[in-house]
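Undergrad: Chains as they are written, first to last, in the working numbering: chain A, 428 to 707; chain B, 428 to 707; chain C, 428 to 707; chain D, 428 to 707.
The hints are simulated quantities; they were obtained by calculation from the structure and are not laboratory data.
The reader is advised that the hints may include incorrect statements.
Identical copies go unnamed one by one, so any copy, or any two together, can satisfy a pair.
[Stated by the list, open to error] With a cut-off of at most 25 Å between alpha-carbon atoms, the simulated DMTMM-like pairs for lysine to aspartate or glutamate come out as follows:
(1) 572 / 558
(2) 572 / 692
(3) 572 / 614
(4) 572 / 560
(5) 572 / 597
(6) 572 / 596
(7) 572 / 587
(8) 572 / 681
(9) 572 / 704
(10) 572 / 468
Protein chains: 4
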Amino acid sequence: MGIALGANRYGKSGVHLVVVDRDVPRHTITDFQIDIRLEGDFEAAHVTGDNRALVPTDTMRGTVFAFARTQPVGQPEDFGLRLARHFVATVPSVSAATVGLRATPWVPIADRPSAFIADASIVRTAEVRVDGDGAHVTSGITDLKIFKSADSAFSNFHIDDFTTLAETDDRMMATIMTADWRYGTGDIDWGDSAAAVRDILLATFADHDSASLQHTLYAMAEAVLTQRREIADIHLLLPNVHHLLMDLSPYGLDNPDQVFVATTEPYGVIEATVVRDGRA
Amino acid sequence: MGIALGANRYGKSGVHLVVVDRDVPRHTITDFQIDIRLEGDFEAAHVTGDNRALVPTDTMRGTVFAFARTQPVGQPEDFGLRLARHFVATVPSVSAATVGLRATPWVPIADRPSAFIADASIVRTAEVRVDGDGAHVTSGITDLKIFKSADSAFSNFHIDDFTTLAETDDRMMATIMTADWRYGTGDIDWGDSAAAVRDILLATFADHDSASLQHTLYAMAEAVLTQRREIADIHLLLPNVHHLLMDLSPYGLDNPDQVFVATTEPYGVIEATVVRDGRA
Amino acid sequence: MGIALGANRYGKSGVHLVVVDRDVPRHTITDFQIDIRLEGDFEAAHVTGDNRALVPTDTMRGTVFAFARTQPVGQPEDFGLRLARHFVATVPSVSAATVGLRATPWVPIADRPSAFIADASIVRTAEVRVDGDGAHVTSGITDLKIFKSADSAFSNFHIDDFTTLAETDDRMMATIMTADWRYGTGDIDWGDSAAAVRDILLATFADHDSASLQHTLYAMAEAVLTQRREIADIHLLLPNVHHLLMDLSPYGLDNPDQVFVATTEPYGVIEATVVRDGRA
Amino acid sequence: MGIALGANRYGKSGVHLVVVDRDVPRHTITDFQIDIRLEGDFEAAHVTGDNRALVPTDTMRGTVFAFARTQPVGQPEDFGLRLARHFVATVPSVSAATVGLRATPWVPIADRPSAFIADASIVRTAEVRVDGDGAHVTSGITDLKIFKSADSAFSNFHIDDFTTLAETDDRMMATIMTADWRYGTGDIDWGDSAAAVRDILLATFADHDSASLQHTLYAMAEAVLTQRREIADIHLLLPNVHHLLMDLSPYGLDNPDQVFVATTEPYGVIEATVVRDGRA
Chain A
428 MGIALGANRY
438 GKSGVHLVVV
448 DRDVPRHTIT
458 DFQIDIRLEG
468 DFEAAHVTGD
478 NRALVPTDTM
488 RGTVFAFART
498 QPVGQPEDFG
508 LRLARHFVAT
518 VPSVSAATVG
528 LRATPWVPIA
538 DRPSAFIADA
548 SIVRTAEVRV
558 DGDGAHVTSG
568 ITDLKIFKSA
578 DSAFSNFHID
588 DFTTLAETDD
598 RMMATIMTAD
608 WRYGTGDIDW
618 GDSAAAVRDI
628 LLATFADHDS
638 ASLQHTLYAM
648 AEAVLTQRRE
658 IADIHLLLPN
668 VHHLLMDLSP
678 YGLDNPDQVF
688 VATTEPYGVI
698 EATVVRDGRA
Chain B
428 MGIALGANRY
438 GKSGVHLVVV
448 DRDVPRHTIT
458 DFQIDIRLEG
468 DFEAAHVTGD
478 NRALVPTDTM
488 RGTVFAFART
498 QPVGQPEDFG
508 LRLARHFVAT
518 VPSVSAATVG
528 LRATPWVPIA
538 DRPSAFIADA
548 SIVRTAEVRV
558 DGDGAHVTSG
568 ITDLKIFKSA
578 DSAFSNFHID
588 DFTTLAETDD
598 RMMATIMTAD
608 WRYGTGDIDW
618 GDSAAAVRDI
628 LLATFADHDS
638 ASLQHTLYAM
648 AEAVLTQRRE
658 IADIHLLLPN
668 VHHLLMDLSP
678 YGLDNPDQVF
688 VATTEPYGVI
698 EATVVRDGRA
Chain C
428 MGIALGANRY
438 GKSGVHLVVV
448 DRDVPRHTIT
458 DFQIDIRLEG
468 DFEAAHVTGD
478 NRALVPTDTM
488 RGTVFAFART
498 QPVGQPEDFG
508 LRLARHFVAT
518 VPSVSAATVG
528 LRATPWVPIA
538 DRPSAFIADA
548 SIVRTAEVRV
558 DGDGAHVTSG
568 ITDLKIFKSA
578 DSAFSNFHID
588 DFTTLAETDD
598 RMMATIMTAD
608 WRYGTGDIDW
618 GDSAAAVRDI
628 LLATFADHDS
638 ASLQHTLYAM
648 AEAVLTQRRE
658 IADIHLLLPN
668 VHHLLMDLSP
678 YGLDNPDQVF
688 VATTEPYGVI
698 EATVVRDGRA
Chain D
428 MGIALGANRY
438 GKSGVHLVVV
448 DRDVPRHTIT
458 DFQIDIRLEG
468 DFEAAHVTGD
478 NRALVPTDTM
488 RGTVFAFART
498 QPVGQPEDFG
508 LRLARHFVAT
518 VPSVSAATVG
528 LRATPWVPIA
538 DRPSAFIADA
548 SIVRTAEVRV
558 DGDGAHVTSG
568 ITDLKIFKSA
578 DSAFSNFHID
588 DFTTLAETDD
598 RMMATIMTAD
608 WRYGTGDIDW
618 GDSAAAVRDI
628 LLATFADHDS
638 ASLQHTLYAM
648 AEAVLTQRRE
658 IADIHLLLPN
668 VHHLLMDLSP
678 YGLDNPDQVF
688 VATTEPYGVI
698 EATVVRDGRA
């Protein structure tokens, strides 16, 4: 019984591309942090040290910057597709390329044409994979810290010997949302779609009468699938940023749902994919 | 020649207080991360293990939450003053108390009364010190990522044997601003003042014809002192988030100030205090 | 076409258990950071807000601490198995439980029986999954920063229009190793096996005549599989911590492979699984 | 009343120098992360945009690497002194230079001559300042995670309306130590002194019968000053990494000081400088 190479991939992470367009009255800033991974026939490199099939990760980095010059960069999904297709099409050993992107938006300061402030509340992500089955795009938003001070309960849950949590019909709910979704067929306006998904997720979070974080997660995802027909499925990852009601009785004080301790650890994590029926 | 205790202090860090006011049509969220430090006569605790002068850091934490219940929390500066004065006034061993606060604003989602999104672009800080000389308030803003795509040069600098940087009359400028300032006498509307300072700093950053990051720092600080008479001095800390023009010539491409590499290390750091004349 | 719940799971992260055994002449410290994830029939919780199938994540946390009292904790793998089996066996809705553990070793200070220093160079990890197919254990080590100052080349790689990297027959190699592996059948001494794997990985890294990081990765994995028959397959994740030869010619100096810039971004990432033939 | 520049400084951070000496049978690795700050007459740069007094931070970075080639780097303190003296001596506008260094030790893997593992348990720091008063060296060690499972009490402390902490004559004590110290006159063997200080701090932490973290801090510092005459004063910063005894009574279990929750926030912080009498 021998030993053999199994699944493997390699690439470059942390490539930080900033493109400035100053040929317009109001400048625009494109800010992408990019990770690239290649899969393919790299067995000789691993087993015998024959590197002829390996694209140096330095070349991946150079390709990012060169591509940013030769054509407009476009949306994260567009640029990821261009890069991923390039590696699969031009490097014989490469059978699949995955490009992850994180786009930080820069919005104008007041009405100034050439000064900007980063808007951390609307960071977009994309992951593009090109392989023998074609191109696969996942779009997302991340790091959205949201809080809900009404309409959140958690009761009637499973009880066992290790249960200490009290049931409640009124609690604070907070999370740092990461969402990513895949598209069905058809031409997609990536930026328009992401903005719409964000609005739907936020509005549903705000309006939902929540029995649990799972319950709200599903409502948020269902609203996206109902209102945005271009989206095939959506995955939400919702850490539960616990806000514990502080016991003020040692100080002779009551606490009518007013003073909370926000904790970082431990934390609950809820995640699910919601799909259109008939899809995986 | 003996050995003796010198300067010393202790306290609690990472106290995360969240207060929710639901007795109003539109709920409000107050979110403060708080550090407390006490100074005083703690020699016996150090030298002989006699703890009678020590307030446990657990008590400091409890005081934060109890105080949040007994009176409205108010602005970070208000709450810091209340806490710092309490320790100095009530604990005989304590001669000085310093309270640091970091306030995260939560803004309503759309027009909803009980759902919020954190606005990371306007985190406020405060440091309040109460000692034998009275109360000293420093207010600040932090983590403001800003970028300027025009009107920034860096040339005519000191040249020596280790100079490799080229002079430029047109470069990208980016920083992650931290500002803190002290007030003169008089009643201050802390929130109003902080918002005004933020606007002045941003507008000046945008409009300044910059010869260096130092030059822009001074212009920003000078504008604050000129326009806000209540402020006595201001300190700015500006890391230089370098955006290097990518050399695309290996790929046969030019790069007319368009494609940049954003780097994290190493980074320049510029800091200065700007004062009204006659003050330290 | 309707909308339905797809893959989903939830749990608690960041549970930090420390068990101190003082009933022995030399105390022992067990320090585990634990994440738990449950899968099962949670559709009603998501879709209708019926929580009866949900174990609160607070209960998961409590179970960790209670279990640490009722039996000796043992190795990370042992404790993970106990926890994962408990949730699958006792909660009707749960079909699979995954427990991740990170074990920090505390080694005695000098020869003292009750004082310890954390040894960050030998953090062990484990991931235990119990589902309908039985129990699956992955063991690992992580965060091992290693450096190799000889016998490392990278040349004869794929060349294209975006290649700028020079070939070299002598470069610095550095990485922060994460390794995880699965076992075949039989009783395993988890601690002994992990220590042996660590030694083999380090020795092979040191001795290998490397044509690339892929080449060294494979040699390291192959050595483990050759020498430790209990291991079925092993996965290595090796970021390439680049050490760039500094160009000192602007200062009129040569640099015979002596002065390097260590960079954090961008960075290469190499990963692969190496298996015994006939296994996936 | 005008506006004027107050205290100011600038420099480069995050310069990561690695020097490899391969002209010896066993290679050696020197790994320094370096921050440089300059003070001086930079008023024109700030006020009028005249940069002639400014050394670009890029030049500071280049100087680090060039200096690493022209002479042996030596200990962190040696290299910091060389750099700081250079800037003050050669740049007319500079009146003071401060160089901070963080040295990561790389220890040989087994007995190999050219392979290394980072030893995070003995990171050394230094801060060197050269100004009109001469050269000032502070040496230190940092990030030492230590734990003590016996001989630690905390009782008889100040009680007030906000006290909830119970007194205890037996608790766990853990901290992540940062120490820095200054030297008196005379030639110092920096490496030897730092190793000795580390051993004294650890042994005293282990052996001390502690009434509080303050009490142990003082004992540790006093032991250093008593045993190492070359050291003039020492500052210790000791966060209190709380290990809370878990209340297992909800599960029908006792907990005889055995099962603990390690928490990250909030945390106590204790710091003090201990001096030889007659010094500040």
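Undergrad: Hint by hint, say whether it matches the structure.
TA: Evaluation of the provided hints:
| no. | hint | in the structure |
| --- | --- | --- |
| 1 | 572 / 558 | neither (34 Å within a copy, 33 Å between copies) |
| 2 | 572 / 692 | both (16 Å within a copy, 19 Å between copies) |
| 3 | 572 / 614 | neither (31 Å within a copy, 34 Å between copies) |
| 4 | 572 / 560 | neither (36 Å within a copy, 38 Å between copies) |
| 5 | 572 / 597 | within (20 Å within a copy, 37 Å between copies) |
| 6 | 572 / 596 | within (23 Å within a copy, 40 Å between copies) |
| 7 | 572 / 587 | neither (32 Å within a copy, 37 Å between copies) |
| 8 | 572 / 681 | neither (29 Å within a copy, 39 Å between copies) |
| 9 | 572 / 704 | neither (30 Å within a copy, 43 Å between copies) |
| 10 | 572 / 468 | neither (42 Å within a copy, 28 Å between copies) |
Hints 1, 3, 4, 7, 8, 9, 10, counting from the list given before, are not met by this structure.
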